[in-house]
Amino acid sequence: AQSVTQLGSHVSVSEGALVLLRCNYSSSVPPYLFWYVQYPNQGLQLLLKYTSAATLVKGINGFEAEFKKSETSFHLTKPSAHMSDAAEYFCAVRAFGNEKLTFGTGTRLTIIP
Amino acid sequence: GAGVSQTPSNKVTEKGKYVELRCDPISGHTALYWYRQSLGQGPEFLIYFQGTGAADDSGLPNDRFFAVRPEGSVSTLKIQRTERGDSAVYLCASSQAGVTYNEQFFGPGTRLTVL
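Chains A and B, in that order, give the protein sequences. This note's numbering puts the last residue of the first sequence at 113; the count rises by one with no breaks. This note's numbering puts the last residue of the second sequence at 1115; the count rises by one with no breaks.
These are computed hints drawn from the structure, not numbers from a lab. One thing to keep in mind: the hints can contain errors.
What the hints assert, rightly or not - Okay, the calculated beta carbon distance ranges per label pair: (1) 68(A) with 1009(B): 36 to 42 angstroms; (2) 9(A) with 1064(B): 29 to 35 angstroms; (3) 1078(B) with 45(A): 23 to 29 angstroms.
To be verified - Below, a sample of chain A positions facing chain B; criterion: calculated Cβ distance under 7 angstroms: (4) 19; (5) 43; (6) 99; (7) 100; (8) 106.
Where is the CB? At the ideal position from N, CA and C, for every residue including glycine.
Pulled out of the complex, with its shape left as it was, chain A reads as follows:
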């Protein structure tokens, strides 16, 4: 079975500051890991995914995440926050050979002008 834990249901950062959203996973088999973003009244949009090719993954909108097996983590970062980054962010895990995504509870990111 696999699961993800997102530490911090709400994160606030100032515009231009570093964004760090935390995700830790648990999986009995090598996982595939994803970050999705959800804007108000919109569907989930994929930001980036880890598929074992490279541990540092770059995504859309300047986001990136690093897979650290020793820490079972896949934290999402962005060097400089923009007002348009305000949204809810979900980390998800998918085990090899298993089609379903298992999501964390989400982190709501607020950007302070």
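Dock chain B against the given chain A, drawing on the hints supplied.
For chain B alone, coordinates are given in the frame of chain A:
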């Protein structure tokens, strides 16, 4: 091209009634998924179709929930004898089959409210 569409966008019903939620996947996507997102939670898996057949329905909470995909394209999620606890946003996603890490493209969801 067109993304995943879901109808209706909002559905209000009374306890005990029957509802149907529709999902139109991206053309050519053979895999289709249903998830449920309760307030303040992440989406939870309900069922996965590969073509016309349900390959994994382990997330359906009970036998009041049923989904079909008769022609391998459009899918309908059916809920019988609705309960207030069924209130949630129901999300549909589709993907190209064959590779586990293929991106799942999500629709905007149907917000179901059971009074």
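Given residue 19(A) was flagged as interface, is its beta-carbon under 7 angstroms from a beta-carbon of chain B?
At about 19 angstroms, which exceeds the 7 angstroms cut-off, the nearest Cβ of chain B leaves the hint on residue 19(A) violated.
Against chain B, run the beta carbon of residue 99(A) and see if the smallest gap drops under 7 angstroms.
With a closest approach of 5 angstroms, the residue 99(A) hint holds.
Minimum beta-carbon distance criterion (7 angstroms), residue 106(A) to chain B
It holds, given that the least Cβ distance between residue 106(A) and chain B is near 5 angstroms, below 7 angstroms.
Using the C-beta atoms of residue 9(A) and residue 1064(B), is the stated range 29 to 35 angstroms upheld?
Given range 29 to 35 angstroms: holds, Cβ gap about 30 angstroms.
When you take the CB atoms of residue 1078(B) and residue 45(A), is the distance between them in 23 to 29 angstroms?
Distance hint for residue 1078(B), residue 45(A) holds at roughly 28 angstroms.
Given the hint of 36 to 42 angstroms, is the C-beta distance from residue 68(A) to residue 1009(B) inside that range or not?
Given about 40 angstroms between the Cβ atoms, the range holds.
Less than 7 angstroms between beta-carbons is the criterion; does residue 100(A) satisfy it with respect to chain B?
holds, 4 angstroms
Hint residue 43(A) vs chain B: min CB-CB distance below 7 angstroms?
holds, 4 angstroms
Checked against the numbered hints above, the structure breaks only hint 4 and satisfies the rest.
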